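Undergrad: Got chain A sorted already, so can you dock chain B onto it with the hints?
First to last, the sequence lines map onto chains A and B.
Read left to right, the first sequence gives residues 1 to 82 (the working numbering).
Read left to right, the second sequence gives residues 1001 to 1386 (the working numbering).
Derived from the structure by calculation, the hints contain no laboratory data.
Quantities reported herein were computed from a predicted structural model and do not represent experimental measurements.
It is possible that part of the hints are untrue.
As the list claims (entries may be wrong) - Here are the simulated SDA-like pairs of lysine to any residue, each with C-alpha atoms no more than 20 Å apart in a straight line:
1) B:1190 <-> B:1152
2) A:79 <-> B:1313
3) B:1177 <-> A:50
4) B:1101 <-> A:57
5) B:1177 <-> A:43
6) B:1177 <-> A:64
7) B:1217 <-> B:1239
8) A:50 <-> B:1316
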Amino acid sequence: MEDVKTTIKAFIQETFVADDQEQLSNDAPLLSSGIIDSISALELVEFLEKTFHFEFQPHEVDQENLDTITRIEAFVKTKKVA
Amino acid sequence: MFERNASQQAWRERILDFAASHINPLAMEREQTATFDRQLWLACGQLGLTGLSIPPEWGGQGMDAYTTVLALEALGFASEDPGLNFGIAAHLLAVAVPMWKYGTEEQHQRFLPGLCNGQAVGGNAITEETAGSDVFAMQTTATPQGDHYHLNGTKTYCSNGGEADLVLTYALTNPAKGFFGGISAFVLEKDQQHYGWSASREKLGLRTCPLAALLLKDSAVPVANRLGQEGAGGQIFNASMTWERICLGAIHLGAMDRLLKLAAQFANHRFSGGQNLSARQAVTHPLADLKVRLEGARLLTYQAAQQLDAGQRTGLAASMAKLAVSECYKHFCLQLMQLFAGEAYQTPHPVEIQLRAALGATLYSGTSEIHRNLVAREIGFKSALT
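Extracted from the complex, chain A is given alone in its bound form:
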């Protein structure tokens, strides 16, 4: 599943990180740090749904699922298994 993590990371890096020199770690907080705000989260959700072919339920747009690249990867895996 490393390709899942790589895909997610590349999207976030390219779409949301303003400083091109800054490299995100897999456990860097995205939501609580403000890298991803309420609007960016919608872009991220749309990207994940389209790329990995599943649908978020409204309550799943949650810090626990989206705050780091590692958490996002884990959430995507649970959705793909389900």
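TA: Relative to chain A, chain B alone:
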């Protein structure tokens, strides 16, 4: 591609007839006295206007988003009461639609029939004194206690506030999470839950749509009145705003069609310096430009509605449609004020009523600045503030 089918055309004619017979006769008086007419609301419900997009099993008309746009466009064209038009659209798009989309079967049975037949007025309450465009900076909390939540806080600018029988409101159930799973949606029922309204606020425009603040002080709301799961409020609100940003603008498209017709009638019959106004390019060219701009805004709206019907995420399309329609509406009214001059500067006059309404259109459902930021982000400006 954007033709009206027979059913859509029939609806348009029904709405035009209804507005002429029921809405327009006393529209100016209501506007001047800032009167919300409950009997008229009920008549709108009986026609089906208050439940256009809701499935028939719950008393609605079962229209998709595109057909809803066409119906609201007809209402905006035919009705001389922009406050009523706005109140109906807000009730439908920010209250009834999310209740349909995210409610349980039991909630559908309890809430939707009354919202659709006009017996109940719906109000949406999210904005707070310190959380306007940034609605997710909200302070209102919902604390679980047994089979209830206790809500505390104040919501400002509630459309249909004071008159609403069912209020859809949002509160923090997990402040640490904030927007991302920390906000939940609740339905408040008049006479069932303990909450209050401020006095109705005076407004520049949309005066027939009441506006008030919702006052929540230890207001106990049953768990059964939570819409969606705990933490789903942020996404429920976003979905309702997508519907509102696309469909509510349709009433403005209709209003602009009406104003354009009035402008042509006025210019064709008015003479200045021995010349008919319609012969003056200083008059006709700006209006021709507005017509082109109007049709562009209409296409963005129709396209966004069809994307919504196709199940696509339409946040950007909704923002572009909302921005284009509301800014066009404002410029349209200002241009017509120049054309009608002193005649429209007197009150009440259809142009000044629409101008006052249009100024609000660039503020609610996200200000124009917010939507420009969203579009800028889509272009690729990573640091565009939201």
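Undergrad: Taken at face value, is the distance from the CA of residue 50 of chain A to the CA of residue 1177 of chain B at most 20 Å?
TA: Outside the cut-off at roughly 25 Å; violated.
Undergrad: Next pair to validate is residue 1177 of chain B with residue 43 of chain A; report whether the Cα-Cα distance is within 20 Å.
TA: holds (19 Å)
Undergrad: If you draw a straight line from the CA of residue 50 of chain A to the CA of residue 1316 of chain B, is it 20 Å or shorter?
TA: holds (16 Å)
Undergrad: Please verify whether residue 1177 of chain B and residue 64 of chain A have alpha carbons no more than 20 Å apart.
TA: holds (9 Å)
Undergrad: Are the Cα positions of residue 1190 of chain B and residue 1152 of chain B separated by 20 Å at most?
TA: holds (17 Å)
Undergrad: Given the hint that residue 1217 of chain B pairs with residue 1239 of chain B, test it: the Cα-Cα distance must not exceed 20 Å.
TA: violated (28 Å)
Undergrad: Measure nothing beyond the straight line between the CA atoms of residue 79 of chain A and residue 1313 of chain B; if it is 20 Å or shorter, mark the hint as holding.
TA: Holds, at about 19 Å.
Undergrad: When you check the alpha-carbon spacing of residue 1101 of chain B and residue 57 of chain A, does it fall within 20 Å?
TA: holds (12 Å)
Checked against the numbered hints above, the structure violates hints 3 and 7; every other hint is satisfied.
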